[in-house]
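Asks: Please build the complex by placing chain H on the supplied structure of chain W, with the hints as guidance.
Protein chains: 2
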Amino acid sequence: MTTTAYLNDHRDRFMDELFTLLRIPSVSTDKKHNDDTHACAVQVQEYLVRAGLDKATLYPTDGHPIVFAEKIIDPSLPTILVYGHYDVQPAAPLDEWNSEPFEPVIKKTKIHPEGAIFGRGTTDDKGQMFIHVKAVETMIKTDKLPCNVKFMIEGEEEIGSPNLLPFIKQYKEMLKSDVILISDTSLLSKKHPSITVGLRGLTYLDVKVTSARADMHSGLFGGAVANPINTLCEMIASLKDEKKHITIPGFYDDVVFPSDRDRDMMRNAPFDEQEYMDSPGVFGLEGEEGYHTYERTGILPTLDCNGIWGGFTEEGSKTIIPAVANAKISMRLVSQQDHEKITELFSKHFKSIAPSSVKVEVHPHHGGNPYVTPTDTVEYRAAAAAMVETFGVEPVPMYEGGSIPIVAAFKEVLEVETILMGFGFDTDGLHSPNEHFGVWNFYKGIETVPVFFKKYAEMKTTVA
Amino acid sequence: MTTTAYLNDHRDRFMDELFTLLRIPSVSTDKKHNDDTHACAVQVQEYLVRAGLDKATLYPTDGHPIVFAEKIIDPSLPTILVYGHYDVQPAAPLDEWNSEPFEPVIKKTKIHPEGAIFGRGTTDDKGQMFIHVKAVETMIKTDKLPCNVKFMIEGEEEIGSPNLLPFIKQYKEMLKSDVILISDTSLLSKKHPSITVGLRGLTYLDVKVTSARADMHSGLFGGAVANPINTLCEMIASLKDEKKHITIPGFYDDVVFPSDRDRDMMRNAPFDEQEYMDSPGVFGLEGEEGYHTYERTGILPTLDCNGIWGGFTEEGSKTIIPAVANAKISMRLVSQQDHEKITELFSKHFKSIAPSSVKVEVHPHHGGNPYVTPTDTVEYRAAAAAMVETFGVEPVPMYEGGSIPIVAAFKEVLEVETILMGFGFDTDGLHSPNEHFGVWNFYKGIETVPVFFKKYAEMKTTVA
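Chains as they are written, first to last, in my numbering: chain W, 1 to 464; chain H, 1 to 464.
Keep in mind that a hint or two might mislead.
The list treats identical chains as one, so a pair stands whether inside a single copy or across any two.
[Said to hold, decoys possible] 25 angstroms max Cα-Cα, derived DMTMM-like pairs, lysine to aspartate or glutamate: (1) K208 <-> E314; (2) K318 <-> D278; (3) K359 <-> D272; (4) K359 <-> E288.
It is worth saying that the hints were derived from the structure and are not from the lab.
Pulled out of the complex, with its shape left as it was, chain W reads as follows (with noise of 0.2 angstroms):
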């Protein structure tokens, strides 16, 4: 029997498994949601239990539980260690959901007319986790499993993943694989597949600059003294030259962009202009001279303040020369760059622009490094082999412009690479409300893996 006959067989019960889990409110960030969340780990472990795979285990951690599980078949083949969540978002704003965010409900729609799942973690990552149970259980039941295989599924993504690296460098040995897989992003669409092959790193820093010690009377100092607010705005915009271009020293050093095959893949991919704006519902797009909107995103760093506040802001007129104003600047990294680096870059250049008229103050906050997954390899061949298979089309490897800090982690750590082979739309509303995950792209997913393993243990055999 084939894993496709297998999953024609048990398509119904596969839905219905999916509907317990999105039914258990697992709000990672939630503590009153604490009992959910550990009662979806156990439910996940179940179900892992159910598709054959042996030692499901439930570790505890300073917070939620991380679920391990794994199916050796035979320690010389390679192995895939699929990760996931089981975390989800919080549901508000209720009031703007069409349906009961734990209560999932199947429903048409314009690009999901065979039905999507709607409900809270659909695709963000319940329903794109679970396809990897599913597929497994296909492989396992039709006795076509073609390599280990090891589950790795956290409860903290939603959080920041505050727990997951202690756990991969002290199980770095249980952990071991040859490559990482994971469906936790999307596809361009049903006739283009995708792969996504960049994430962006990234770097957060809080900027203080101080004139003096005190607000000062516009009309008394107006004029002679630095306004520390107009001074921090001089600041900023020298960030930037007039082709949108960071003017930081040193910025652009381990920015290395992808083959002229890839980039011409990404250029042509399809792109609805219209679509994209009228999501933000933005009046127009801007970004680096002579770059596509998909470069600009992906393959391109950034440096964006995301907050700035100083002197009077309320109703009115105060006629001061402020003492103190503050921005939130951050970068989005790509290719090669160090969040650590560019923060000391940044943070040297920054104070280095102010005039000695003020004071300036740059505190980091969090960060991460970018990821890309290299294209010429065997698990990159594999995985698009996959997807000419099951969708008949060659996937666009696409740099995306969002961070997945913890697959920077995965690589430093666990010293393998990560394929990104997501099954949901950037249009299924992810962390929104009425967050939907496509009937067809359920399925999709659960067809196209066992051919990832298939394919991927047949080409690294070869090469090994």
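Replies: Chain H alone, transformed into the frame defined by chain W:
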């Protein structure tokens, strides 16, 4: 009995009465203090009655009332109209005060070895305004009032005097006078008296830059859409060139500098740079290249941000591209600059420099024109002679940086010149935490004003 003898007999009571006035938090901009502000007007009215003035009346306005009183001893004699205000700036930020803003205390400081009264409104303007109430009391009670006197004390100076212009238009006849006398400015120092002969005008605007309907995820959109904070910073930075010269086309068209002689007198007036810097604790002076500090604050116009806000401004980090950024921008005007014309020039220019990816709104607040006192008049000579008598030195004619927009309107509507005989110091912390007013300055004012009355009445009568 001389006025000075009367003053000496009543020193403590005068101070007690001022304290009563200072304890009333008459913050005109804050609706929560409307009752306090009204109570302060009533208190001023009561003190005018006690000083011996007639017709002390509260004139209601659309905002806070105006207190009027007069003492007409002979309609054929000249009339001096005293203007002042009983409202104060907000006390915020409260945690930077070393004593309660509305519980005055006397403490010694380096430049106030006789003590200074600390509290909101001490120098701006309750203490200075009260000098005239007490000076006139000394003249009336000792039978030494040499001419007629009128008082017009308003409660909306700190919010731009929105109801004073209609009032002086309506009551032009009642306010008829030969000269207006105001103490709401500063002396150079105890040893170097000065009379303010120039006041800057003001235009004050709110600007708003919007790029989208809602805040955006900085991963998905960062790099491809306009960030209104960065855009606003770039727009603000472009409003001045590297020499801090304002770049708005036409901005300097109506700026005429004083004569070389006046500029020389001002440049040669005593200036203690360290003392000037110490009062607000500024880290360094900064202004348009090629000008003395007195020129930068007296005869040059300015452009300053008074406040800025946008995006995420709380603790921690939030990875958004904000949809909106706001700033409050004010310009101090000089010479012949007209605030309405400058408001229009600014608005037109600010909108013209915005990229097409954002929408810009400009909302003007209040404004006022600059004022210059001629120095070749009876009233200026009388004021200078009074100061020679009580200070022992000829006063320097000073161009000051602050604005009393209504003074230009007095000239236009009431058709009389104004003598700006201030008794505070620039270092007294006007509009700032720990505002104070010297005890020496308070009594020196009460001593000087009757001398001005006497000399002015004499000289004016002789001329007539």
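Asks: Each hint should be assessed against the structure and marked as holding or not.
Replies: Cross-check of the supplied hints:
no. : hint          : result
1   : K208 <-> E314 : both (20 angstroms within a copy, 14 angstroms between copies)
2   : K318 <-> D278 : between (38 angstroms within a copy, 22 angstroms between copies)
3   : K359 <-> D272 : between (46 angstroms within a copy, 23 angstroms between copies)
4   : K359 <-> E288 : between (31 angstroms within a copy, 20 angstroms between copies)
Hint compliance for this structure: no hint is broken.
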